[in-house]
Amino acid sequence: MSKKKLGTVWLGGCSGCHMSLLDIDERILEVAKLADIVKSPVVDGKEMPEVDIALVEGAITSDEHYRELLHIRKQAKTLIAFGDCAVMTNVTGMRNYFNLKDVLDTAYVNAISNDKEGKVPDHPSLLKLNEKVLPLQEVVKVDFVIPGCPPDADTIFYVLFEFLNDRLPDLGKAKKLKYG
Amino acid sequence: MNTIPITINDKKLDVDPAKTILEVCRENDIEILTMCHLKGIIDIGACRLCLVEIEGINKLLSACTTKVAANMVVKTSTERIKKYQRITAELFFAERNHVCSVCVANGKCELQQLGYKVEMDHIRYPHLFPHCEVDTSHPWYVMDHNRCIMCTRCVRVCNEVEGAHNWDVMNRGHQVRIISDFNTPWGESITCTSCGKCLHACPTGAIWPKAIVQGQLEKKPEIISELMEKRKMKL
Amino acid sequence: MKSDTAILSKELPKTDPRVKLIAAKMKKENYKPDALIEILHTAQNAYGYLPKEVLAYITKSLHLPPSRVFSTVTFYHFFSLKSKGEHTCIVCTGTACYVKGAQAILNRLEQKYSLKPGQVTPDNKLGIQVARCIGACGLAPAVVIDNDVQGKANAEEIIETINAKTGII
Amino acid sequence: MNRQELQALAGKAKGKHEQFKHKICVCCGASCISSGSEEVLKKLQEEIKTRGLENEVEVIPSGCMGPCNQGPLMKYLPEQTIYQKVDCNNITAIVQSQLIEKKPIEELLLFADSREKPFVNSNEDPFFKRQMKIALKDCGDINPENIEDYLAAGGYRALEKAFFLLSPEEVIAEVKQSRMRGRGGAGYPTGLKWETVYKYVSDQKYVICNGDEGDPGAFMDRSVLEGNPHRVLEGMVIAGYAVGSSKGYAYIRGEYPLAIKRFELAIKQATKLGLLGKNILGSNFSFDIEVRIGAGAFVCGEETALIASIEGKRGTPRPRPPFPAEAGLWGKPTLINNVETFAGIAPIITNGGEWYSETGTPKSAGTKVFALAGKIKYSGLIEVPMGTTLREIVFDIGGGVQNGGDFKAAQTGGPSGGCIPAEHLDVKMDYESLISLGSIMGSGGLIIMDKSSDMVDVARYFMEFCMDESCGKCVPCRVGTKMMHDLLQKICDNKGTQIDLDRLEELAVYVKETSLCGLGASAPNPLLSTLRHFRKEYENRIMNHQ
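Protein chains in written order, with the working numbering: chain A, 1 to 180; chain B, 1 to 235; chain C, 1 to 169; chain D, 1 to 546.
Hints listed in this document are in silico derivations from the structure and should not be mistaken for laboratory results. The beta-carbon is built from N, C-alpha and C at its ideal position, and this holds for glycine as well. Be a bit skeptical, because a hint or two may be false.
[As the list claims (entries may be wrong)] Part of the chain C face toward chain D, derived, beta carbon under 8 Å:
no., residue
1, Pro33
2, Phe75
3, Tyr98
If we strip away everything but chain A, and leave its shape as in the complex, we get (with noise of 0.2 Å):
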């Protein structure tokens, strides 16, 4: 059997679910007989090559996020969403409550602070934000979904290692389910 490529993206979250990636700690000896990490915020690769796995982590908050979400749909066979932002938005999605406008507002304009004229960022180096936060599945096809903030490091190796041994985890049935 040849070894499969996993990649990982960090889209709209706060990067707690790779470190909970981390957390399968030895474990991650057993993913690598069977995988090469390709891409990853914890490797070099800068674009995403074809993969048989892409997990990703955090909801699609920003332009940026859309193309390469879309992008990442193309290059993977299976696409997981990991995480809760990635799967139902969580804290990310919580300024779908209020406009936009109000929420750039309330971070730029009206926070105290030493900025005298305080001004939303417009530099156009800079992504634009979407008027509302979407997760994973109102954009693209999701084939399998990794809910908790964070998942637990059990139920990602879990996961992991049944896709790479060519079985389709379930995680109900596993009583691995866990939100929040």
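The hints should help you fit chains B, C and D onto chain A, whose structure is shown.
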């Protein structure tokens, strides 16, 4: 005592005809999911989780409000019912802003438990993201409408057990909200006795005591049931 | 949610004919809680809406919990907590009217007076509302201006009538 | 008043009418009033007076005659000649020509502007010819504000018959034999309902008349209450006698001030004559009726919600069983029937249940009132035997689609019903046939749509209605209708995907099967029926999406 024969999930039982299907199931360790039910207060059949199939009846009926009848044949967990339970759970989550990771009830929440039981890994429907208020005006308690699932257990406990009727429901449809008095701050209520029963009745993190950190919250809905049991015995 | 403690404890002037009307109705209904909706109808007709102090007065008189009254008031479309305006224009959006272009009339009125349904002009002269069906389907599309039903309505004629009544140009 | 006095009074009233050679009815239903019929009435009275014809001609402000969009209407009896769109300027001419010269003015007759040759005797006009009036009998011929008119037309004789010649069991037997089914929508056999309430033993029972006609596009109950309130009242008293109740409530929509006014007046008049109140007609049966005014909530048409509303609470339904027949208003056995059902009771008692059952189809007996509206040439109120085909109603009675357009669909049952496409125009209008097409009879609203109607938007419109009218108690209806509405809006905006359509269908079935009350259970019907008959329109919307 007169009993009548009924069949639940192919199990033959002799039961008290005054009981509801739900009561019979609970006594016989047959699992039925509920959200708006709380033993001791009047059932309203609103959450639709306890729906069961009854032979000869076209409609699904709520176990909490339907009395048993002789020779009734009940099924509590067919594929159809399981499918509907999952949709109901998803709609609960999609309706308000249930952000478990920052909720005081995380880990102690009946809604979370429901999600696990129906094996809900994600919510297939778009979240509504309504704007909800958090009422912190009461000196001891907080009412967070983001987490409210409109089970109205607080309303019924306040009215039926405490007799204060501080809580009620305003508006209708998806705009319903729990209110205190004239939709005025809880802390200014002229009817609230600060008894805290609603806090224990609440299945989620919608009502919780101040000065508590995540993980410490303890809700004991069973104290309401025990209280009502004792009152009944006194009568 | 707003703090209203001051308003709630305010006494209503007993000589106000509107208060007298409500008091008489409550007496006639024997202060029975089940007559709440009837009494609210009387109050709504007298004031054109239900001011909070009036609700407080009814609540106290019927010995009902405030939240019970407020929940009933907010359940029914007929009752309003805000003034509906001196003159009202109700566009029927029942099925027959909808099929015959009620939405276009509503859009035109919204644009003309910068009002959304349920809103009132800043000077309180005009309020626009929608109704679910006034049962004048034979005359669709129908618009009601101050209780007068205008059948087979046309947006420009409605605007003319409104302008004549309200003095808005 | 006792039985003999009633008969004497009815005889006197009849004699009073018969001394007039001519009768002129001016329709004073809410539709005609808003077209100016009150001024017409005043002007006509003056005209008759000026001509000194007061002793020959009786002018009657009557109830609804049917063709509402041709108002104001004026009918000459016994000729049955109807003039349409009468205004104050042509009254003199009409009276001169019709009454004095005996020559009807053809160009002012009903449908003169659209028929090749209008009919002098309106009963020969296809609009009326295909109809059969039982519930609407006398509506349009008598003054609804005068109890003597009703008595002269044979009113309250059914009540008299029931009281003195029939036992409550016999009354119920007649109603059962008539095979009448509830006209509110669900079509539950009326006699069976009465019998159930009758059988429960209780110190107090209630009779409720459901006049909370909330379906947009329906105005049958309004017209009956406005045109012949005593008929409904008589039906309620008979029901009270049959089931053993002494207290009735009439719950009427707040949107119908005229109906409320006339029904309250009818109660006052009937009470004065001893047809309501203590020991009616000298019998030992007593019955009172109170009017409750609805406050604008569609869900209150659902019987348990209506009961909550009469109790002065939020109109939220509760699960059934127990049914209101067992535990209804204040926990007592309660009979709830629709206005049109009560309006059909007196003829059943007078003529016998068998007579009624001869009309209609084997499973749906009698007649049904429909409110015909939308893109139809002749809209208005009609009553036809059950089993009349949709084609007869639309093309024979209604004259086809407005402006010669093509028929696309008919919407029955309002927000709880569905759309019937052109290929099913020959469907018989009865309970079962409509259900088999995914619609329902409902209360009788019948909206005709032509090619300009967008069926996805129609589904969205009804879903918005249900979303706004959901009481918010149970989850499927509260969240499900909102979710379905948002998905429909998305498809209407051409932003929908196949996944959205799949979600929509799954939700529709879920909401239908799990909702607490009829509102939620029927809310997906317009969506499901348009999906069934017009799926292409949905798919076109989705294909447009990139």
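Checked hints:
Hint status for C:Pro33 relative to chain D: holds, with the closest Cβ pair at about 6 Å, below 8 Å. The interface hint given for C:Phe75 is met, as the beta carbon of that residue sits about 4 Å from the closest beta carbon of chain D, less than 8 Å. Because the smallest distance between the Cβ of C:Tyr98 and any Cβ of chain D comes to about 6 Å, under 8 Å, the interface hint for this residue holds.
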